[in-house]
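Here are the chains, one letter per residue:
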Amino acid sequence: MKPETLAWIILVLPLLSAAVITLFTRRQPGLSARISVGAVALAFVASILLVLGYGRLHLGPGEMLLTSVSWLEVGGLSVDLGLRLDAMSNLMLLMVTGVGLMIHLYSRGYMEGDPGYSRFFASLSLFMFSMLGIVLAANFVMMFLFWELVGVSSYLLIGFWHERASAADAAKKAFLTNRLGDFGFLLGIIMVWSALGTVDFLDIQRALTVNPAALGVGASLAGVLIFLGAMGKSAQFPLHVWLPDAMEGPTPVSALIHAATMVAAGVYMLARSFVVFNVPSAWPGGLDFLHGVTALDVIAWIGGVTSLLAALMAVQQSDIKRILAYSTLSQLGYMVMAVGCAKPDAGMFHLLTHAFFKALLFLGAGSIIHALHHEQNIWKMGGLKSRLPVTYWTFLVGTLALCGVPPFSGFYSKDGILAAAETRPLLFALGLLVAGLTAFYMFRLVFVALRGVPRDAQVTHAHEPGPTMLWPLRLLALASVLAGFWGMEGVLQGVFGRATHDSHGGWLATALAPFGHAPLAAMMGLFATGFGFALAWSLYGSGPAHDPLPEKLGVVARWMRDKFYFDELYAVLIRVTHDALAGLADWADRWLVAGFLVRGTHGTMDVFGRVLRLVQTGNLQTYAFAAALGLAVVMWLMLM
Amino acid sequence: MSPLLWILLLPLLTAAALVLVPRTYSFVIRTATLVCTAMVALIALGLMGDFDAAPVLEGGYRWVQRIPWVPSLGISLSVGVDGINLGLVVMGALVAFCAACVSNEIKERTKEYYVLLLVMTGGILGAFVSLDLFFLYFFHELALVPTFIMIGVWGRGERRGYAAFQITLYLTLGALIALIGLIALYLQSGARTFDLVELTQYLAANPMPVARQVFIFPWLLFGLGILVSLWPFHTWAPIGYGSAPTATAMLHAGVLKKFGLYALLKVAIPLLPEGAKVWLPWAAWLCLGNILYCGWVAMRQRDLNLLIGNSSVAHVGFVFLGLASLTWVGVTGAVVVMVAHGFLAALSFALSGWLHGQSRSLDMTKMGGLLKQLPFVGAVMIMAMFAGCGLPGFGNFVGEMLVLFGGWNSDLVICGGWVPMRWFVAAAAWGALVVAAVYMLRAVRTMWHGPRAEGWASAADPVGLWRKLPFLVLLGSLLVTGIWPRVLTDRIAPGARVIVEGVGRSVPPPQLAAQRVP
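First to last, the sequence lines map onto chains A and B. Count the first sequence with the numbering used here and you get residues 1 to 640, in order. Count the second sequence with the numbering used here and you get residues 1 to 518, in order.
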């Protein structure tokens with residue numbers, strides 16, 4: 001089959017699955033799960049076939065396959081339902097369907113016995129459809145469509161246990177925070193369309209290659225607005241607050257959506273539309289003071305600040321899923337920073353490796369939570385190494401990959417990001433600090449939750465889950481180790497038209513390549529990781545019963561634990577802005593418009609009526625007197 | 001005979017026939033209403049399918065037929081549709097059928113009720129197919145009067161008297177102001193005809209002086225604006241719909257309210273282009289009142305119907321913004337919003353009507369966790385609420401997106417150019433994407449999610465496909481228009497183009513002329 005046909009099949013399969021489960025098999029949970037897993041398995045196989053077929057075409061690095069159906073055509077606006085296949089979307093296809101398959105399989109075990117089993121798999125299929133839509137989208141509007149659909153499926157899955165108030169609130173918060181970002185995204189798309197007359201990625205790229213100033217005076221503003229969309233979806237500061245709360249969803253959802261795929265969509269979007277950001281600085285009237293700042297500068301700094309803030313917050317959390325959530329935030333910040341440093345290939349590489357090891361970590365955490373009957377506090381764990389050996393070892397693989405220890409995949413992708421930031425000393429230092437913090441909080445987690453002695457009686461009853469949940473762990477662990485060697489880096493560099501680092505010297509040369517082409521970044525990164533590990537070892541290696549850090553850091557530790565009070569700040573902000581405006585408008589509506597104007601008119605008429613009724617007494621003398629008085633007035637007026 | 005005459009006459013003739021049926025035969029009466037509305041809906045859908053094949057007659061209209069009535073004044077019963085009318089007719093016919101379906105909640109005086117429902121249906125559809133200003137206005141009034149009676153007689157709640165009074169006061173006043181405008185237009189044009197096609201051609205050849213246009217246009221803008229709840233003349237709408245019987249709210253909010261917008265688009269703007277350019281900036285300001293102010297008001301509502309009513313008023317703002325933009329994309333988007341919002345408003349009121357039937361209360365603070373108990377109604381309402389905050393996949397998104405895209409490139413001069421139209425677009429986008437999402441999701445959270453509320457033990461979903469049909473038809477229509485928007489836009493766009501070109505705006509705007517790189 002042609003790759004284009006396969007792409008359509010890959011996109012439609014999960015949608016079919018969602019529709020069939022919703023309409024027909026709601027009451028047959030087992031069948032629903034099989035349909036959903038089957039759809040994603042077929043999509044995975046089709047993706048492999050697609051990539052093989054694509055490879056046989058021997059396309060150059062800048063070439064791609066396009067296929068489209070016209071979706072909307074009015075005036076100067078033409079939007080296609082278009083799919084775009086190039087090396088980047090192929091890698092994403094493999095990752096999304098591959099990781100998705102692992103997590104679907106794992107969910108069959110994890111969600112067993114839940115009354116909403118069918119609904120869970122229907123939502124998961126809907127999510128896969130939306131995510132694959134983002135991956136394959138060939139234009140901005142189509143990406144926006146699926147962008148929103150991803151938001152809804154995330155809403156449905158975060159709020160999966162919607163009877164729980166916290167889950168329902170978290171779902172709402174996630175959707176609304178994302179909507180703030182989408183507001184900017186849509187305006188940015190409109191600005192690009194208004195300047196270039198097209199929303200198609202390829203057409204935009206061609207137009208901007210011919211004339212980088214084609215976006216006009218709004219160029220940087222449009223870039224920042226589009227980036228706002230990525231800030232929402234990839235939870236970048238200051239729109240990062242929804243992601244930790246999103247952990248209210250079932251753990252497989254956290255692994256798939258809030259670690260591996262959806263949150264990475266922001267980074268993917270930045271890479272996909274990189275040409276829009278990579279233009280000379282230009283601001284409209286009123287924003288002249290930003291003269292010289294490019295959209296990429298904004299992106300780099302937002303990414304950097306996010307990665308640091310999130311890493312600091314992760315240090316003082318005690319919920320295992322929240323630690324991983326903040327770690328996700330921090331790593332997403334890394335990726336965004338890489339894009340901002342004009343190395344989208346490095347960001348994408350980290351996105352792909354991160355997908356494997358972060359999904360692995362979340363599934364490991366899910367296995368622990370499952371074993372401990374939904375206990376998530378790491379200070380009630382400990383001593384799990386002997387009781388959950390597979391979980392422990394695979395979790396350790398994920399941790400090493402995340403911390404960037406060679407030869408695990410995270411080392412290579414993180415090295416690429418640090419190398420990208422080398423030219424900017426401040427961001428480079430920030431990146432190193434984050435690398436150290438990452439090692440610190442991850443090994444804090446490992447030492448407290450997995451090693452040492454049990455801190456709670458429940459731990460002694462813990463045992464490994466069944467094979468449906470263990471095999472995904474093993475396979476993802478394998479991927480986390482190997483993802484650095486597959487040559488993804490070179491492929492991605494090719495997509496962005498950069499020279500690839502030659503590494504034809506066998507696997508050892510590949511493994512050591514970072515020390516060759518970016519020795520400073522590689523060495524410093526390793527040093528920072530080692531330092532973080534040593535610090536974690538000294539504080540938590542002995543298995544303390546309580547966290548010793550708050551005593552040492554005092555109030556700073558409390559700030560970290562309370563997430564620097566962003567939630568509280570936003571609550572106040574919403575109260576003084578939107579809620580106040582809503583109150584004012586409601587008051588005005590009730591009293592001024594409806595009360596005064598309408599009832600006023602009504603009342604005036606009423607008073608007239610009453611006054612006039614008084615005159616009609618039915619008394620003949622009164623009428624005669626009134627007539628005489630009238631006559632007198634008229635005569636007086638005439639005679640005067 | 002033009003099929004449009006069938007659409008117009010079937011409901012009115014059925015209503016006349018039902019008057020003769022004894023009131024005890026309520027089953028016959030209801031069945032006749034259902035069959036009649038279903039037939040009208042099928043004819044309308046058939047026309048949608050035949051649209052491309054039908055020959056285009058004068059003025060770009062299809063299936064045109066004229067029956068002279070008062071030749072001395074130039075009045076004739078003439079019908080015909082282009083893509084804009086047809087979208088509204090199909091929407092109106094489907095909503096009328098669904099409204100008839102949910103009318104089984106009415107248990108008293110059913111004969112009078114169904115007769116009025118059919119008159120309302122015939123009136124609305126008649127207004128949308130009429131090409132004669134006299135009948136355009138007449139059919140609208142014919143549909144309007146049953147609204148008042150239905151709220152007063154079959155309405156619900158303590159405030160129904162006040163609501164009926166207020167809605168009558170406002171809408172009669174609005175219709176009266178618009179009538180003054182129409183008469184002035186007729187007299188000042190000098191064409192001595194009420195025929196829309198002839199009038200358009202005559203005025204294109206002999207334009208009215210600008211000063212006269214500027215004088216007449218506000219009568220139409222504000223008169224029709226009151227009819228469609230343009231801010232600040234909107235307060236009748238939420239209260240009126242809150243007290244109306246379900247079917248009346250569906251038909252009025254969904255279909256009849258579109259008449260004002262339709263007349264603005266098809267009569268006021270093409271016939272008074274210079275007046276439009278002077279007065280539409282005002283509409284742009286006021287539509288922000290709809291989108292933002294009413295959105296904020298909706299955030300504070302505790303009664304579900306008041307929330308839906310305010311959100312429906314907010315959506316009207318997008319139509320105004322699209323019309324005010326006077327761009328091809330924007331005007332097309334405005335019509336798409338009109339159609340999609342018709343489905344959405346009808347669906348929302350049908351659902352709230354079902355909830356009211358279950359509990360006699362729509363106080364959201366007394367609801368909670370109902371999704372478990374009412375999975376069907378809950379799921380459909382959550383989808384309707386997502387449609388209301390502009391989620392892709394539903395028709396509203398397509399319309400709002402087109403309005404925003406069109407508005408951005410508008411040449412409209414506001415406040416002498418000091419306030420760019422783009423700020424209005426940004427504010428409207430904020431209203432669509434953020435404010436709407438806030439009140440919709442808060443409502444979902446309060447009503448459907450969270451712990452189960454007390455006092456809903458006897459509430460249940462509709463059982464069987466027949467009872468679910470009206471909800472499914474409306475939801476399906478929203479999905480079809482959202483997933484495959486060309487079904488609407490390809491038919492609407494040519495009509496919108498004629499209007500935009502008629503006011504002297506270039507199509508498409510020059511700065512966009514086909515920059516698609518080969």
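Keep in mind the hints are simulated off the structure, nothing from the lab. Honestly, I wouldn't trust all of these hints.
[To be verified] Residues of chain B clear of chain A, computed beta-carbon distances all greater than 10 Å:
| # | residue |
| --- | --- |
| 1 | 74 |
| 2 | 104 |
| 3 | 111 |
| 4 | 141 |
| 5 | 145 |
| 6 | 207 |
| 7 | 429 |
| 8 | 434 |
| 9 | 444 |
| 10 | 449 |
| 11 | 466 |
| 12 | 467 |
| 13 | 490 |
| 14 | 496 |
[Unchecked claim] Lysine to aspartate or glutamate pairs mimicking EDC-like chemistry, simulated, CA-CA at most 20 Å apart:
| # | chain 1 | residue 1 | chain 2 | residue 2 |
| --- | --- | --- | --- | --- |
| 15 | A | 385 | A | 288 |
| 16 | A | 563 | A | 163 |
| 17 | B | 372 | A | 319 |
| 18 | B | 366 | A | 114 |
| 19 | A | 2 | A | 63 |
| 20 | B | 366 | B | 158 |
| 21 | B | 366 | A | 163 |
| 22 | B | 372 | A | 163 |
| 23 | B | 366 | B | 490 |
| 24 | A | 385 | A | 375 |
| 25 | B | 372 | A | 169 |
| 26 | B | 372 | B | 454 |
Note that CB positions come from ideal geometry on N, CA and C, so glycine has one too.
Hints, verified against the model:
no.: 1; hint: 74; result: 35 Å, holds
no.: 2; hint: 104; result: 26 Å, holds
no.: 3; hint: 111; result: 33 Å, holds
no.: 4; hint: 141; result: 22 Å, holds
no.: 5; hint: 145; result: 21 Å, holds
no.: 6; hint: 207; result: 25 Å, holds
no.: 7; hint: 429; result: 6 Å, violated
no.: 8; hint: 434; result: 5 Å, violated
no.: 9; hint: 444; result: 8 Å, violated
no.: 10; hint: 449; result: 4 Å, violated
no.: 11; hint: 466; result: 18 Å, holds
no.: 12; hint: 467; result: 18 Å, holds
no.: 13; hint: 490; result: 7 Å, violated
no.: 14; hint: 496; result: 8 Å, violated
no.: 15; hint: A:385 <-> A:288; result: 58 Å, violated
no.: 16; hint: A:563 <-> A:163; result: 26 Å, violated
no.: 17; hint: B:372 <-> A:319; result: 29 Å, violated
no.: 18; hint: B:366 <-> A:114; result: 28 Å, violated
no.: 19; hint: A:2 <-> A:63; result: 16 Å, holds
no.: 20; hint: B:366 <-> B:158; result: 19 Å, holds
no.: 21; hint: B:366 <-> A:163; result: 16 Å, holds
no.: 22; hint: B:372 <-> A:163; result: 9 Å, holds
no.: 23; hint: B:366 <-> B:490; result: 45 Å, violated
no.: 24; hint: A:385 <-> A:375; result: 17 Å, holds
no.: 25; hint: B:372 <-> A:169; result: 17 Å, holds
no.: 26; hint: B:372 <-> B:454; result: 13 Å, holds
The structure shown violates the earlier hints numbered 7, 8, 9, 10, 13, 14, 15, 16, 17, 18, 23.
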